[in-house]
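Participant: First to last, the protein sequences are chains A and B. When we follow this note's numbering, the leftmost residue of the first sequence carries the number 1, and every step to the right adds one. When we follow this note's numbering, the leftmost residue of the second sequence carries the number 1, and every step to the right adds one.
Quick caveat, the hints were computed from the structure, so don't treat them as lab data. We put the CB at the ideal spot given by N, CA and C, even for glycine. Do not take every clue at face value.
[Claimed, not checked] Example chain A residues on the side facing chain B (calculated, C-beta under 7 Å, incomplete): (1) R8; (2) E214; (3) A223; (4) S224.
[Claimed, not checked] EDC-like, lysine to aspartate or glutamate: derived pairs with alpha carbons at most 16 Å apart: (5) B:K181 to B:E211; (6) A:K56 to A:E89; (7) A:K11 to B:D218; (8) B:K26 to B:E62; (9) A:K7 to B:D112; (10) A:K146 to A:D160; (11) B:K6 to B:D19; (12) A:K168 to A:D60; (13) A:K133 to A:E53; (14) B:K46 to B:D65; (15) B:K94 to A:E214; (16) B:K205 to B:E29; (17) B:K212 to B:D13; (18) A:K7 to B:D111; (19) A:K88 to A:E53; (20) B:K94 to A:D20; (21) B:K94 to A:E213; (22) A:K179 to A:E53; (23) A:K11 to B:E142; (24) B:K68 to B:E51; (25) B:K94 to B:E142.
[Said to hold, decoys possible] To list a few chain A residues with every Cβ distance to chain B over 12 Å, as calculated: (26) S136; (27) D160; (28) L174; (29) A189.
Each chain, letter by letter, is given below.
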Amino acid sequence: MLWTSIKRVIKAGFVNFYRDGFVSLASVLIMTMTLFVIGGVLFLSATLSASLEEIKSKVDVNVYFQTSTSEEEVLALANALRTLPEVKEVDYISREQALGNFKKRHENDELTLQALQELPDNPLGSVLNIRAKEPSQYEGIASFLKGDIALGGGKKPIIDEVNYYDNKVAIDNLSNIIKATERIGSILALVLVIISISIALNTIRLAIYISREEISVMRLVGASNTYIRGPFVVSGVLYGVSAALLTLALFYPLTYYLGDSTENFFSGLNLFRYYLAHFGEFSLVIAGSGIVLGALSSFLAVRRYLNV
Amino acid sequence: MIRFDKVSKIYSDDSAALDGVSLTIKPREFVSIVGHSGAGKTTLLKMILAEERPTSGSVMFESTDIHKLKRHKLHQYRRKLGAIFQDFRLLTNKTAFENIAFAMEMAGRSDDEISADVPYVLEMVDLGNKMWNFPHELSGGEKQRVAIARAIVNQPDIIIADEPTGNLDPVNTFEIIQILKKIHDLGTTVILTTHNKGVIDSLGKRVITMEKGRIIRDDPTGKYVL
Numbered sequence: 001m002l003w004t005s006i007k008r009v010i011k012a013g014f015v016n017f018y019r020d021g022f023v024s025l026a027s028v029l030i031m032t033m034t035l036f037v038i039g040g041v042l043f044l045s046a047t048l049s050a051s052l053e054e055i056k057s058k059v060d061v062n063v064y065f066q067t068s069t070s071e072e073e074v075l076a077l078a079n080a081l082r083t084l085p086e087v088k089e090v091d092y093i094s095r096e097q098a099l100g101n102f103k104k105r106h107e108n109d110e111l112t113l114q115a116l117q118e119l120p121d122n123p124l125g126s127v128l129n130i131r132a133k134e135p136s137q138y139e140g141i142a143s144f145l146k147g148d149i150a151l152g153g154g155k156k157p158i159i160d161e162v163n164y165y166d167n168k169v170a171i172d173n174l175s176n177i178i179k180a181t182e183r184i185g186s187i188l189a190l191v192l193v194i195i196s197i198s199i200a201l202n203t204i205r206l207a208i209y210i211s212r213e214e215i216s217v218m219r220l221v222g223a224s225n226t227y228i229r230g231p232f233v234v235s236g237v238l239y240g241v242s243a244a245l246l247t248l249a250l251f252y253p254l255t256y257y258l259g260d261s262t263e264n265f266f267s268g269l270n271l272f273r274y275y276l277a278h279f280g281e282f283s284l285v286i287a288g289s290g291i292v293l294g295a296l297s298s299f300l301a302v303r304r305y306l307n308v
Numbered sequence: 001m002i003r004f005d006k007v008s009k010i011y012s013d014d015s016a017a018l019d020g021v022s023l024t025i026k027p028r029e030f031v032s033i034v035g036h037s038g039a040g041k042t043t044l045l046k047m048i049l050a051e052e053r054p055t056s057g058s059v060m061f062e063s064t065d066i067h068k069l070k071r072h073k074l075h076q077y078r079r080k081l082g083a084i085f086q087d088f089r090l091l092t093n094k095t096a097f098e099n100i101a102f103a104m105e106m107a108g109r110s111d112d113e114i115s116a117d118v119p120y121v122l123e124m125v126d127l128g129n130k131m132w133n134f135p136h137e138l139s140g141g142e143k144q145r146v147a148i149a150r151a152i153v154n155q156p157d158i159i160i161a162d163e164p165t166g167n168l169d170p171v172n173t174f175e176i177i178q179i180l181k182k183i184h185d186l187g188t189t190v191i192l193t194t195h196n197k198g199v200i201d202s203l204g205k206r207v208i209t210m211e212k213g214r215i216i217r218d219d220p221t222g223k224y225v226l
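Let's have the full structure, built from the sequences with the hints guiding it.
Facilitator: Below is the structure:
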């Protein structure tokens, strides 16, 4: 008996979806727009976080050592830095490498290279490149360098210069911009999603409003609430599924078209490849939102007309 | 079978649609209710269908007060009634067959019963050839016959017909009344409201006359007198 009822409700949902073709089409299109916005927000946040990640990775702090500092001392400091939780990575550049880099940078500059040859010894000290996990953490790392080891415990200082203090303003600005971008981005996304969800909700309410007479007739014929509501919820799920399929299909040519330009513009994130790589999660989120939105809004909308 | 006990219905603007109506309808009766528009006939029927609640008084079906039924139990009570309306109230996106099948599904009948009984009742109201037509493809008389077939298919205890001939021509009116008579002869209680003098006079059954929300006359073999 229960199985027969379920079968009948599902069948009625499909039949109504098909017979009220125009209403279904309108609901599916509106819902497609909603899901499109949700998908767009996903792409936007992926692009944003990839770009920010890229910018963050370009920021680092360089520690220049005195030429007299031994390699052991530098490596000891590098190891000490690696134990700090804020530090992401530490690159060691030896004096010889530093000289090589310098020569390479000035290979067209005869004068500088000549001047370099006049010197008795390699004038460059070794360098540590430090990357923090967050730009805001450089301050802590810099004060660690300044305070503890750099002073060498009363001995001769081993560090010549830490360029954090030169770049402080730029780094601070950047970390503020990143924070603000993330905050504005998520507020904007939330607003867009809320607006489009409420439009979809209202469209389905209108679709059911058209059927209010039918609902009262069903009540008079002796239909239980579940039996009236069931087919509407099934139709709602069908709206969601159709809209999700449409949305996923729309993103395919769209991301293909945008793929190359986004790769050049934003830090190497190719939207098309990203879409294909995350297609599973993507279709889950889109179809899931569609089904929940369709079923829930139908369920709520019918309730109004059940009080006959 | 149905008992109204001092039932009043007062709408928000203080106009009484029903004013202290008391009335008993026995099983297997054929009762006609007549009166001008606004006399309270439809409100009376809505009380029986539990579409409206009385402001005071009670309506009993056998031994239950139908307005004290819980909302989720109401549909079980309504399955004991078959209702026919002036505006037909068919489900517009379902065919004649499906409209009737729907009422049977609601009553929990099996698919086999449905495929056997629906053609049978449609034959009974002479619509065997229009089974797969949608309501908008049927004439007024045909729609009303579908509505009657839907009302009787679950063998209800009572048929409630609210001006079923109001939108029909004399020939269709005659046919609908003949069908109602046949249903009554088969042992079903029928409650009918109408404006049609000819219908009432030809029936020769109990007639209740209403005016301004009150029952002013109740004749066991009445004529249409207003």
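Participant: Now look at each hint and say whether the structure bears it out.
Facilitator: Do the hints match the structure? See the list:
1. R8: With a minimum Cβ separation of about 6 Å from chain B (threshold 7 Å), the hint on R8 of chain A holds.
2. E214: Since the shortest Cβ distance to chain B is 5 Å, the answer is holds.
3. A223: Holds: closest Cβ of chain B sits about 5 Å from A223 of chain A, inside 7 Å.
4. S224: holds, 5 Å
5. B:K181 to B:E211: violated, 26 Å
6. A:K56 to A:E89: With Cα atoms ~13 Å apart, K56 of chain A and E89 of chain A stay inside 16 Å; holds.
7. A:K11 to B:D218: violated, 49 Å
8. B:K26 to B:E62: holds, 10 Å
9. A:K7 to B:D112: holds, 15 Å
10. A:K146 to A:D160: Holds, at about 11 Å.
11. B:K6 to B:D19: Status holds; Cα separation ~8 Å.
12. A:K168 to A:D60: With Cα atoms ~11 Å apart, K168 of chain A and D60 of chain A stay inside 16 Å; holds.
13. A:K133 to A:E53: holds, 10 Å
14. B:K46 to B:D65: holds, 14 Å
15. B:K94 to A:E214: holds, 10 Å
16. B:K205 to B:E29: holds, 8 Å
17. B:K212 to B:D13: Given that 16 Å is the threshold and the Cα spacing comes to 15 Å, the pair holds.
18. A:K7 to B:D111: holds, 11 Å
19. A:K88 to A:E53: holds, 13 Å
20. B:K94 to A:D20: holds, 11 Å
21. B:K94 to A:E213: holds, 13 Å
22. A:K179 to A:E53: holds, 12 Å
23. A:K11 to B:E142: Violated, because 27 Å separates the two Cα atoms, which is more than 16 Å.
24. B:K68 to B:E51: holds, 13 Å
25. B:K94 to B:E142: holds, 15 Å
26. S136: holds, 58 Å
27. D160: Consistent with the label, D160 of chain A stays out of reach of chain B, its closest Cβ about 83 Å off (over 12 Å).
28. L174: holds, 61 Å
29. A189: holds, 39 Å
Taken one by one, the earlier hints fail for this structure at numbers 5, 7 and 23, listed in ascending order.
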